[in-house]
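2 protein chains.
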Amino acid sequence: MTKLLVRNIEYLADQGGVRQGDIAIDGATIAQIGAVGADWRPDQTIDGTGKLAIPGLINTHTHAAMSLFRSYADDMLLMDWLKTRIWPAEAKLTAGDVYWGSQLAIAEMIKSGTTTFADMYFFMSEVAKAVTETGIRAVLARGMAGVAPTAQQALAESEALFEEFHGSADGRITVMLGPHAPYTCPPDFLTKVVALARKLGAEIHIHLAETAGEVAECQTAYGKSPIALMDEVGLLDCGVLAAHCVHVSPEDIRIMKNKQVRIAHNPGSNMKLASGIAPVPQMLEAGLTVGLGTDSAASNNNLDMLEEIRLTALLHKMHSNDPLAIPAGTAVELATTGGAEAIGLGKITGKLAPGYKADIVLLDMSGLHWYPRHDRLSLLAYSAAGSDVHTVIVNGRIVLENKQLKTIDEERLIYEANTRGLRLVR
Amino acid sequence: MTKLLVRNIEYLADQGGVRQGDIAIDGATIAQIGAVGADWRPDQTIDGTGKLAIPGLINTHTHAAMSLFRSYADDMLLMDWLKTRIWPAEAKLTAGDVYWGSQLAIAEMIKSGTTTFADMYFFMSEVAKAVTETGIRAVLARGMAGVAPTAQQALAESEALFEEFHGSADGRITVMLGPHAPYTCPPDFLTKVVALARKLGAEIHIHLAETAGEVAECQTAYGKSPIALMDEVGLLDCGVLAAHCVHVSPEDIRIMKNKQVRIAHNPGSNMKLASGIAPVPQMLEAGLTVGLGTDSAASNNNLDMLEEIRLTALLHKMHSNDPLAIPAGTAVELATTGGAEAIGLGKITGKLAPGYKADIVLLDMSGLHWYPRHDRLSLLAYSAAGSDVHTVIVNGRIVLENKQLKTIDEERLIYEANTRGLRLVR
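Protein chains in written order, with UniProt numbering: chain A, 1 to 426; chain B, 1 to 426.
In short, the hints are calculated from the structure, not lab data.
Among the clues, some could well be false.
No distinction is drawn between identical chains; accordingly, a pair holds when it is met within one copy or between any pair of copies.
[Stated by the list, open to error] In silico DMTMM-like pairs for lysine to aspartate or glutamate, Cα to Cα no more than 20 Å straight-line: (1) Lys403 x Asp364; (2) Lys83 x Asp322; (3) Lys224 x Glu163.
Owing to the predicted nature of the structure, the values given are computational and were not obtained by experimental measurement.
Only chain A is shown next, with the shape it has when bound in the complex:
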């Protein structure tokens, strides 16, 4: 087991606030933090001077391989975007495209400080391969559309994905089931998903209440909200990561609290697609678990979680007409501990504390925007940039060192991603 020591670093303490000390890492796990005993004999020492250590950021909702569609189609109506651009391009996707598109996303996430992401897409064994190779942590779900001819195949693939990859890559991969959304998965299909979830002991990742139109359609078809409908089919008893939850009522929030539904809030994507604003302050007030996500690079258009932290703080101040809403510390918490809990990994990541996995990001504070140093938490939330990320450790392994990727051939990645991305839209 490799022993690492990060020396003389300022770090975001589990108890809140920023402290100075050392971090001892034993294999995949944080062994000590703060005062590390002189008897700790590391194999490698990292100098933390001038850097800020934070828990690796958790991207709770994305479709990694869609990075291949970054900048392909913007400033469009959602259905027009899907029907005329995204779906035709997705129909051409090969397994290899998904592998390289996922690697592009993973590389960008690592470089901007994300150590864990929750993904929903297809050709998911390719995504698992990219995750295994690159060293990042991930929660993978095979997206399933119950209305599609592939519905049965998607269920079978989901089961196979779970059997093959759940707990694999030294425990870095977790598998969930991914019914896409209530409007693509009718109740009879969802019943099958719930049965499979119970059989496997798998949790569920689903899009819920993203747009007003979706909620209205659900009311018309079933006489209830998407949240209430999901409750009725038993889905919410499986342990649910629900992306978006933009259009939810106080009653929906009560149901979600009761069933411990965890929310992936995607402010950048919700703003860009004009979907609306999720009532995050109300969710937090109700005691719900909320994490942050980028959604895909096709609707964001980058995977920089520091941007989502800042957007979350700004968006909810503006929307609630209250400059005290979502203060810096809360925004950072949502992207770390909140995110880890949202994806079901709150006991192993999202915190810098002994016993937690060593998922650690070191930010270089030498940039001008980190001065003066009145308040490091404020600087992190309101001033920092993804490009400040200097070193990234996942599961005790250094995957980014001095801003250089250690597990990815960046030159080949760029060639493959660009060539494949351009081919898909020809």
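Could you slot chain B onto chain A? The hints should help.
Relative to chain A, chain B alone:
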């Protein structure tokens, strides 16, 4: 006169779209763009391969020296923030503090692609000194509060600033008059400002309609909106750069159009302070000139104009419930040509075209977030980061080369800014 050649670069063409070619710079001015004749003999050649040239970004509203208060006070109510934190700290400011605080802001702006900024503060000859030395372009205004005991002095200082610095530093400095806002400058004081503006031929930079409270107070005191009040005192006939204009009515917009008032839109600051959302799509529809600004780093908390471009595009899509609102091209235009027109420099900067000043930013497109290359304008608006800025030319002079500041001693700057910033709040 130094001759520069930027070779083999993709550039944001004046006619829209991205083209490939060369840029010839003769002294302070763009001489040719696109196909540069073989007879052009440059003193220095810059290789533009893999880079995107854009017009230098225009920050139409900031208080540069307030960078010293970055991260000092966040997540507070505006009046609480001003009264308990900002004003007491500002009372301690020395001329030297303003010089170093301004240099901190200028360095950060250059590094993130801003070539011109409009500033309103005090000790403005110190700001002029920092502008002169660093090579950036600026529009300076001595902030004046008519209700303060220093009101007469501020008028005198404004006149002296204009006489000494307007058109100085090879024409890089322009001076405006800076009455702070209607709520700090009663009509009788504004009448004096208007008289001085006419005498000097100076334009005016002012905060207008930033908060709902300000507008309500103005209605109570004068029976009209701040815009209508400014029109009544003759201020709008001087050529006005109006910061914020968040709470404006359709009638206010008609007045502003009629008087050719130009708006500095500050989405980040407006969101963070929960001031509201300026009706930018409606302003553009009415034919108003709109530029973007960061406001100060105390309420933002960085000076990255690429963030403001993205926020503008996202915020107005969300607010108007229309994903087609403020598309990528419009957001970029607001930060370039729109900004240049807003600050009264539309004939010399904001465009890459022969005859315009050589205010040029080269973005390094090698980052992963610049792939695939479906649409460079989309990548610029939705994916790019300030840290992608590689080379910055202002008035024909290279002030940033390979991400290194050429006119600023960064190490000393950081020491002075940090020490002074921390001292001010002790």
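Results for each hint:
1. For a Cα distance limit of 20 Å, the shortest separation of Lys403 from Asp364 qualifies both inside one copy, at 10 Å, and across copies, at 16 Å.
2. Within a single copy, Lys83 and Asp322 get their C-alpha atoms only as close as 38 Å, which misses the 20 Å cut-off; across copies the closest is 18 Å, which meets it.
3. When the C-alpha separation of Lys224 and Glu163 is checked against a cutoff of 20 Å, the pair qualifies neither within a copy, at 35 Å, nor between copies, at 70 Å.
Hint 3 from the earlier list is the only one contradicted by this structure; the remaining hints agree with it.
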